[in-house]
Amino acid sequence: MQDPILPLMMLIPLAGAILMFLRPRSARGNGGGFAFVISILPTVLGVILAARFDYSHGGQWQERFSCNWMPQFGVRFSLGIDAIGLWLTLLTVVLTPLCILDSFDKIRFRAPEFYGWMLLLYAAMIGVFTAHNVLLFYLFFEFTLIPTFFIVGIWGHSRRRQAAGKLFLYAFSGSVLLLTALIYLAWVHQRTFGSFSFSLAGLYQAGRSLPLWQQSLVFLGLLIGFAIKVPLFPVHTWMPLAVTESPTAGAVMIAGFKLGAYGLLRFAIPMLPLAALHATPWLAWLCVVSILFGGLVSWVQRDMKQLVAYSVVSHLGLCVLAILALTSSGLIGGVLVMLNSGILAAALLMVLGMIYRRYHTRDIQALSGLARRLPALGFFAVVFALGTAAVPGFNGFISEIISLVGTYVSGAPIHGGHLGPMYAIPAALGMILGALYMIYWVARIIFGPLEEPAVETAAPLLAAATVPPAPAVARDLSLREWCVLTPLAALVFVLGIYPLPLLTSMQPAVDGIRSQVLAAAASHPQKLLAAAPHPGVAGGRFHGSGLRLAPRSVKPKTFDLRPPSGIADR
Amino acid sequence: MNLHGLLPEMIMLAAAAVILLNGLCPRESVRRASQWLALAGLVAAFVAAWRLAAPGQHAGWPLWPLATFGSLLASGVGLLAVLASWNMPFKDQPTETDSAYRGEYFALLLCSLAGLSMMAKVNNLIWLFLALELVSMPTYIMVAAGRGQSAAQEAGVKYFFLGALSAAVYLFGFSYLYGFAGSTRFSTIAAAFHSALALGHPPAIALIGLLMVVLGISYKIAAVPLHYYAPDVYQGAATPVTAFLAFTPKAAGFIALILVFNLTGWQLSSSLAGAVPALLMALAVVTMFVGNVLALLQRNLKRILAYSSIAHSGYMLAALALGPALSPEATRPGELGGSSINGLSALLFYLAAYSLMTLGAFAVLIYLEGQTGAAEDFDGIAGLAGEHPLAAGCMAVCLFSLIGMPGTVGFLGKLFIVQAALAAHHPVLAVIIVINAAIAATYYLRIVAAMYLRAAATPLTVRRPALALKLSAAVATFLVIFFGLFPGALYRQSVAGGRSVPTVYSAAHWPGRSAKRTAVGMPGSARAGLWAN
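Chains as they are written, first to last, in my numbering: chain A, 1 to 570; chain B, 1 to 533.
Derived from the structure by calculation, the hints contain no laboratory data.
Among the hints, erroneous ones may be present.
Covered by chain B, per the in silico footprint, the following chain A stretches (three or more residues, Cβ under 8 Å) [what the hints assert, rightly or not]:
(1) 170-184
(2) 237-244
Chain B is nowhere near these chain A residues, computed Cβ spacing over 12 Å in every case [as the list claims (entries may be wrong)]:
(3) 19
(4) 25
(5) 34
(6) 72
(7) 124
(8) 146
(9) 156
(10) 214
(11) 292
(12) 490
(13) 497
(14) 519
All figures in this text were calculated on a predicted structure; none of them were measured in a lab.
Even glycine gets a Cβ: it sits at the ideal position worked out from N, Cα and C.
Just chain B, with the same shape it has in the complex (with noise of 0.2 Å):
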């Protein structure tokens, strides 16, 4: 991969940086351009990424589609997050130094959605993690940021401390994994592992690497066991900046948990090793439960969604579980049915689909808050279809998206995770997903009750929102219908994403120095394991 590569991160970057001194002027008026910046970078990274996911683009490198894939998603959902904040910050007192960050706020957003973007165009673990930081440090500021009140103070710092945690669990890890194979480049590893496991299992200390590996980014996921902070900091946090959170560092952990756990190949399934798999899907059945039964006993929309969203990293992990590998039956030649989704590619549709409604979602909310506090409980969206009825459309085509009804592309998601999970021969996973998947029902329900099936409580007031606040929300719905009807565009884009990782290892699939010293000296795996250790 040449810089070309690199082409929609270094636009999200130098936007970034125009809009950090464009924050800086003096005059309101050119602040004001912040938005604008931002979205125009973000337009353009898009098209630079749409036009690197164009087929025979860097066929060399390795996992090429699921790298666009990433970009087009950061750009993207990245554009909606920005419509959504369009008045971020919002002012508890409009004073001078609010709008001095105006500029700062997009600007971390923008190096947010450049990390998750060039998160899986890394080939190395330092790489990995610089990427996986550049998503969640400025997203440690924004949390605070937001605004005055103690609330997001308090959730600023559980969010950084535990965000800290979390890194050194898993900068520990890659440590490991470093001891193991003696360097951090994922071809080494790479290598590594299937000599390993060519020999019966690999060390202890490799798959304790793992394992820090796992929980240290369940964190980002806000999966078990590193979930508790989520239902504070989306509640403190200022509505923009929780959609943000709910999107960004979720898709970034799911795609580095990815690029790990093709380190090992896939291949994990001696006794001790297949402790990994299954301690994955045991994660995600428990993740599952625990954001859908604890979302049952929420009464706030914002802790409800908190949880929600831990829920749906329960299904995205068991997705991730299930691996990229496609059943014997399913790889017939020529076929290209829709079993052919690995679990991989269902991951990666579930991830634009769970972006889309959330942040969908999330706009409404954004919408809602009106200038005395936040519509923030049930009671604060009585009625809502009768004084808002496009908001209280818009948020309900979301919300059946996600309990997961026909006709909206969270149904899709879910039918491509049990598919894959059948046809894993996993039936009891299936079932555990759309069991939870029920539960889930009733929660979203209630907020859909609440706005249509109760009058209004008081007037709701609603301040003067911005255009571009009603267009994310009416966009992201669109989609949301869209995609649930006519899934063409992202299912090739997340299948090509989820079938470019390999279901066997070789040297070839990762580029580096010694990748090309396999494959000009010693093809094939069969003599891997002389340079791996």
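The shape of chain A in the complex, shown without the other chains (with noise of 0.2 Å):
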């Protein structure tokens, strides 16, 4: 029962960024190789995770590790990951420390702290996505909000003041919200069951006892933090002045890894299936408006940092809808996109910085033609584009298309979401409008007649500090930059050629929560009451309940009804 690996794979960078804090000013060096050495260690474990895990049954949560923490208050320490939380996992361990790696020539000034800080990053992420206690959860989602606030706010560029506040407000504002409907839930628990927890299984059972109206509260409350985390359309201001103003790891750290997105998934929408139902179609607008008013606005960016941001935010989008859609496809093309999107904006993010690094520029305008100077680097740009522009072969590819599918195939009667072509076809589009600021991006950049900034012009323009001098004839990658690249475009071609793995070890875990939702959603005394802005929810099941009110001439539905196979979140 008591599997060490998960706690370990946190007590590492937790005890490897203490000893970055504690380190003695006078130790030579800055760090940054024991930091890396140290963040290896869980990318190390993590391979043993992937060795172990039972993948026929990934919808169980395996490697569990519990004990207990605060037991007046229901808190266990207790670990555990399902499919779903091992891939985030693994992508937790891969990218850390390709950006700690990356980091090393671009923090010149108080890095062991900033490594002491990516590391507690580090440690929190992973708890993110491995806890499996509710409280847990929050305690590490809210905590990687002081690394992250530190790392943007003293590594970062010249509104790097105002970009850490803002991330920081925005996301606290959210998750008081988000913590005080999880004390509810909790307290709803004890007045049913006896006993006060944050359990996951406990809150599942307390969420989807109540009332439709609580519920909906209850949802808003989980909402406003998980949407501003993700962040959603019209909460996502902080998200690309973040990115734009963070250090490339920072950057990194922010747009790679999708806790709003998570929590959606794991929390919001299982817990309160009735009200996420009801919710399912505003929600779903505001994913495709994020997604066009993404896409849109990373066409006409001509700062590439703000591109990438914005394209994050489409992808978010996209990932939201398609968890929306309650399909097994809609809710693995949700994962994926988690997954995908992680890698590509990350790997651009990167790229973006070792340009900068070169160039001391983000302006589109100001470069041209890098393929002549930096073939390498070029290379590497251009298939991290096209992943991003979703072409075939590649990992993005594979999640917009089959979260496009889910989307379109949820409100079909086998499947019992309520989304359908109305969403995909819009969705779609934000496809085609990936394709076209990605290749706007790679046509200018990377082909082209060279034109490079001279660097004394670029100079001024930056935090003079925080950035070292640029060379006066950029060179290709180092050795130490391919070694950051290469795994990440490994990844891209991999996920997007032989994506199988993935799909079948998620398939129990997606399909588990599928039916829950709906189930729950469909044994609720409310359902038809809730159903009826969405008669499609009425389900043939229901015949003869006595509550049935008479659906306004829409074609029956069905759900999908499948008993709760390996369900096990107990």
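Dock the two chains into a complex; use the hints.
Set out below in structure tokens:
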């Protein structure tokens, strides 16, 4: 029962962070090498984890570690992963060491502190994706703000302080409402089942037992917290600013890890299925707006980091849309977008960081034809841009097509979701937009006649002390930069060509979530009232329940009510 | 309760007396022992309080866990306060007279703590008044005597006159309660309330008395409507005194409010009487917003912390308004789950949490007070992290705790209050509290940002700080994190304290002559009205 791997994966970076903070100032070097070695250890553990994972039962929580922490209020230090958690954890242990490796030449002052915060953030991220107790999840989720705040605020670009403050305050405001909603659910658990508990299974039960109006209020609390974190359209403004102003590593940690979408998938929707189904059309429209808005804004950006940031907004809109579709393929597609968009955004941000390191500019207009000067960098840029543009054969394609298909078929009778072509078609426009802005970017920056800014003119534009000087003549990738980009490019191809292991291993997990949600919504006494605006929810199973309101002449749809197999979330 | 129960207070007062004498000694080296004597006295008081807090002690005394919580809080946090004011008085010019009142300062501090410590051990309005004033009187002197600047004098005058006014107001309220019940004994007043509530609602005289008590004591806790003095006084007083002010009168005021409301049996739910808890809740909400919004406008760190202390009073007032009642769902037999935390337990936990984190933040400010004035605004602490990483770290931890970030005791404090609010069916209050937490994050974060994200404008000069001062900041910070991760001990004490307050009045809860008579002669509440009038 007590598997030490997950806690070790968290404790090693934590210990490393503490060592980094306690490091004497007289120590030689800047601690980067040490931090990298520390950050590789969880990766090794991650490989062991992946080898030991029982993929045939991907819906079950495995590698459990559980001990009492604060028994007085139902908090257990309880970790575990199912297939979704496994892949997201693996993403974390791959991206973070690369971030640290990538930072070696970029962080020139207060470096040990930087690596300390990175390792702390690393530990918190692993905690977010492996927590199996809701309050524990919240602790990690919230705690990620502190290292992010410092990383953006200290080592960022000229507007770093504004960006850091905005990031913290947006996310904090959302998450206090999230916390209130979670405490309310824990209290409902006490009222209903007799013990105050934040256990995942317990809160699922508690949330599902609530009447619709309460579910809606609680869902609203959770939604505000997660939507800000995702970020969805009206509350997204912190994210492009933070990504743009942050150093490369911080930008990757912000844009590469989809905590908000994960929270919606794992907590908000399964806990409050009725409210979630009820809110689906509204939310889905927000997602569609996010997709199109993000894509359009990306298209007109001159700042390359802004371009990537808005493309992430766009992709996350698709991710949440696919999750809301509540079909197997939609949910899988949503998780795939989290993974693939994470990899691609991280890779693009690193490429931009390398360009910035050489030219001290992020302006699209100032650069052109870099393939002539930097062929290797140009190659990677093209690969990642094509991936982001969802060209077949690259990983972005897989996730987007599966998400779109999942959304498209969602309204079909056998699926029981609430979305359909009405949502999938505008979302597909987002794909076209993605191709437009990425191809435009690649064509402009990488190809065409060589055009480089003179170093002297670029220098005054940046935050002077924070950035190492640009070389007089830009040189192609160093060995270290090769080491950073190669694994990412390999992942882009591997996941683009052979994603089957991901799909099959996640199938039971998402089916578990899906059947739980639909069954809980279906067996809820208020199901038909709830379904009134979307009569499709009323399924054949409820004939003669006595509660039935005559739906307004819409053809009834049924849920796929397979018994929740292999759901072991307790 | 026999005298044994007052051991912590006796130790503190005895130590105060010894220090007073010691401070008169002509030899400087002997006078310098004052801090050590204060420290020893508080350690002894803490040990005594700890032994008294063992289960089974004074089982017959009502509210004994609350009383021991007060004693533990007073002596425990008092220890940190003594460490933080090790260099007191800060000398504008190190003259003979300055070190002459070194002894007085620590004696006054101990007297004030003794008042706090005995706060929950009183059973009479007169004693309650005496305990409250024992807390406040020494602080009036401490504010003015701390330093020779005119700001300190102004602060002292403001603090004293407004304090006297507030004392008059709540004493007037006490007199109405006396007029209502015919006695100053808690037992008699409680019985009078009980019978009056049984008949309908208590007469207006009692409610007016209660209102005046609330208004008067709102001065002690720096809550609306008597909060105006706080920023000026906090800014004007020497920083160690400010740290002390932010903790002691507030803790005393909240315990006093618990005692006073306990007289009503927490049963003020009829239409007229219900106005009192409603007023309390309204005050809580207004206090939160006033404190947090006005703190946004401040540039001076001490003023920010002053407004923040107002805001935190708002959170605690909200917890007080929730009262000791547990919702029926939370009181299943054998259930000791977290939701059985009631408003008062949450209040006590928050009080301790607030004391630790505020004291830690002030200790760092004291540490930073350079030879050329103090590091009082954002520019003064800019770039602190680079030059004094440990000080900045302590400050950051305390500020994140004040924000309510997970992993710190401030998070758990907010969690408990929100939990109590939800369990008492006040979801709107819970949401208001968390919205305020979000507002508050803005100004705390500004301080963190100044320390970590900015470069120092001028090199910070730090006078050679006493080891004790560093120790107080470090211990407070450590406890903020320790109780944030392992709240067990603090949680047990505060839950015991909060639960010891009876949710429904019965005469046996108040010892004393009349209670004994009830217990012997006419048990139960049915006939309480016979002797209440």
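Each hint, compared with the structure:
Counting residues of the region 170-184 of chain A whose C-beta sits closer than 8 Å to any C-beta of chain B gives 8, which meets the bar of three, so the coverage hint holds. Coverage of the region 237-244 of chain A by chain B is violated [criterion: at least 3 residues with CB-CB distance below 8 Å; count 0]. Every CB of chain B is more than 12 Å from the CB of residue 19(A) (nearest about 15 Å), matching its label as outside the interface. Residue 25(A), annotated as away from the interface, has a beta carbon of chain B within 12 Å; the closest lies near 9 Å.
Listed as outside the interface, residue 34(A) is consistent with that label: its C-beta sits roughly 18 Å from the nearest C-beta of chain B, beyond the 12 Å cut-off. With a cut of 12 Å on Cβ distances, residue 72(A) falls inside the contact zone with chain B, its closest approach being about 5 Å. Its closest Cβ contact with chain B, about 10 Å, brings residue 124(A) to no more than 12 Å, contrary to its assignment away from the interface. The beta carbon of residue 146(A) is not kept farther than 12 Å from every beta carbon of chain B, the shortest such distance being approximately 6 Å.
A beta-carbon of chain B is positioned within 12 Å of the beta-carbon of residue 156(A); the least distance is around 9 Å. Residue 214(A), annotated as away from the interface, has a beta carbon of chain B within 12 Å; the closest lies near 10 Å. Remark: the non-interface label on residue 292(A) is consistent with the geometry, its nearest Cβ contact in chain B lying 30 Å away (cut-off 12 Å). Chain B leaves residue 490(A) outside its interface by the beta-carbon criterion, the shortest separation being 37 Å against a cut-off of 12 Å.
The Cβ of residue 497(A) sits about 41 Å from the closest Cβ of chain B, beyond the 12 Å cut-off, so the non-interface label holds. For residue 519(A), the condition that its CB be more than 12 Å from all CB atoms of chain B holds, with the nearest at approximately 27 Å.
When held up to the earlier numbered hints, the structure conflicts with 2, 4, 6, 7, 8, 9, 10 and fits the remainder.
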